[in-house]
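Peer 1: Protein sequence lines correspond, in order, to chains A and B. Our numbering puts the first residue of the first sequence at 1, with every later residue one more than the last. Our numbering puts the first residue of the second sequence at 223, with every later residue one more than the last.
Rather than coming from a laboratory, the hints here were simulated on the basis of the structure. Certain hints may be false.
Computed cross-link-like contacts, DSS-like style, restricted to lysine-lysine with a CA-CA straight-line distance of at most 27 Å [to be verified]:
no.	chain 1	residue 1	chain 2	residue 2
1	B	K479	B	K257
2	A	K168	B	K343
3	B	K419	A	K185
A few chain B residues that don't get close to chain A, going by computed Cβ distances all over 12 Å [claimed, not checked]:
no.	residue
4	V345
5	D362
6	P523
We put the CB at the ideal spot given by N, CA and C, even for glycine.
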Amino acid sequence: MIITQARPLEEITAIIKPYRKVAVLGCNTCAAVCYSGGEKEVGVLSGLLRLAQKKIGIELETFELCLERQCDDEFILTIKDKVDGVEAILSLACGGGVQKVAEKFPNLPVYPVLNTHFIGVNLEQGVWAEYCIGCGNCLLDLTGGICSLARCAKSLLNGPCGGSDKGKCEVNQENDCAWHLIYEKLNQTNRLELLEEIQPPRDWSSGRDGGPRKIKREDLSL
Amino acid sequence: MKPESKLLRLLDNGEFVVTAELGPPKSCDAELVEKKAEILKNYVDAVNITDNQTAIVRLSSLASAVLVQQKGVEAVLQMTCRDRNRIAIQSDILGACALGINNILCITGDHQSFGNHSQAKNVFDLDSVQLIYTVKQMRDEQKFLSGEEMKKAPAMFIGAAANPFAEPMDLRVIRLDKKVRAGAEFIQTQPVFDLEKFKLWMEKVRDRGLDEKTYIIAGVMPIRSVKMLKFMQAHVPGVAIPQVLVEEIENSPEPEKAGISFAVRMIEDLKKIKGVRGVHIMAVEWEKVIPEMVKKAGLLPRPS
Chain A
1 MIITQARPLE EITAIIKPYR KVAVLGCNTC AAVCYSGGEK EVGVLSGLLR LAQKKIGIEL
61 ETFELCLERQ CDDEFILTIK DKVDGVEAIL SLACGGGVQK VAEKFPNLPV YPVLNTHFIG
121 VNLEQGVWAE YCIGCGNCLL DLTGGICSLA RCAKSLLNGP CGGSDKGKCE VNQENDCAWH
181 LIYEKLNQTN RLELLEEIQP PRDWSSGRDG GPRKIKREDL SL
Chain B
223 MKPESKLLRL LDNGEFVVTA ELGPPKSCDA ELVEKKAEIL KNYVDAVNIT DNQTAIVRLS
283 SLASAVLVQQ KGVEAVLQMT CRDRNRIAIQ SDILGACALG INNILCITGD HQSFGNHSQA
343 KNVFDLDSVQ LIYTVKQMRD EQKFLSGEEM KKAPAMFIGA AANPFAEPMD LRVIRLDKKV
403 RAGAEFIQTQ PVFDLEKFKL WMEKVRDRGL DEKTYIIAGV MPIRSVKMLK FMQAHVPGVA
463 IPQVLVEEIE NSPEPEKAGI SFAVRMIEDL KKIKGVRGVH IMAVEWEKVI PEMVKKAGLL
523 PRPS
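Take these sequences, add in the hints, and give me the full structure.
Peer 2: In structure tokens:
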């Protein structure tokens, strides 16, 4: 899941100052699941924004909407009529959703309400952690199912740096050292020999370093 | 091609070597580097030049290494993976060799969050094992990482670092083994305060036969004050300061003398351990005490 979190309210109220009529657009997939952009958050934010505008003498009209996903045309198009007359759209989606909505409404300013953080998982109520950097070349088979690119502060490939101690990362003692976790998992599953293998320099070109990425699947093309 | 390295020659000859660390200044003050080199000249066999240690911007390690060698002191160029990608790393290796540097210590590098530019982007295109492998491939196969051949290979004596104290110890030994297989011909360790723990680590190193495949140089650090001890304990991963050292420093009317005396005894003890081929003295911003330490440890005169 893509983990998002609301930007500070002051940043959003500063953005909407000139407006009297805005659409507040939620996203019912990742953003709803991590309590940053579902129907409830759309309602709460709309109320707060109306209040903020009232303080500066503006009667703000908010159109509260929520799409199944903001990253798909088929869903975005369903709100075409509903945003008639709005001056701006505030999107409560990940960066992908915000941009897709902006593409579909070329004549409207579209603003991000959330910061997009990472591809991650839910650890416990209210806690999420980054587990994947979307490198395009999975190595989890070599690392006991623990991604050192995402979970080691230095993205190391051949074991822990000198700063790892008793299972904790030197950068933040709250974080587990990914290589310690890998060592434990490989040890438990009798695969420690994997740790002895020297991993050669990585080809980063399948990741962001290769430039903006696009996947085209011929088998799905119409 | 064999590196033109005195450090390598002495180790090959079975000498117990002495290296020291030199931290470049946070300015372009060449004189300061030269003064530190003058202090160490004739007291150590080679001097490591740190590479923006703890992610604090300092005079470049390569430039400092050249300044040190101009004063007649052999340099060990420290190179981290934090600030350079494989293009810059290979370029700097060629540059270092062209300027007469023939020893390199390949390290991961402290994370930028510790330094004075914590908003910086880090690189870590290669890790330290891969950096070792890169230098070896350039030297022995005369090839860049891309596979492309080069006309003249950089003849580097290749070193790496090891932390014997961070736990679990077995994981540290696996990592050392990888570094040795990747091409590390000498190893400089984190400073030893806990001799017993270090002995245990050396046992594991010998069990794998690594002491026969690489030259192990043990780290030593003279402690100046209780404050410094506490800082080490809190901020250097895995460092276990034995109570006896804390008491010695605390109870001494002259803590600096007590610190030096502890370090000298440590050198003498390390020398007796099978597989330890030298000591690496890390006197952070206190390089001036190194000559006295080397003398007291009975390691003078240094062989030429």
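Peer 1: Run every hint past the structure and note whether it holds.
Peer 2: Okay, the hints, checked on the actual structure:
1. B:K479 to B:K257: holds (23 Å)
2. A:K168 to B:K343: Roughly 22 Å between the alpha carbons, so the hint for A:K168 and B:K343 holds.
3. B:K419 to A:K185: The hint holds at about 26 Å.
4. V345: violated (10 Å)
5. D362: holds (15 Å)
6. P523: The claim stands: B:P523 keeps its Cβ more than 12 Å from every Cβ of chain A (closest is about 33 Å).
Hint compliance for this structure: hint 4 is the single one not met.
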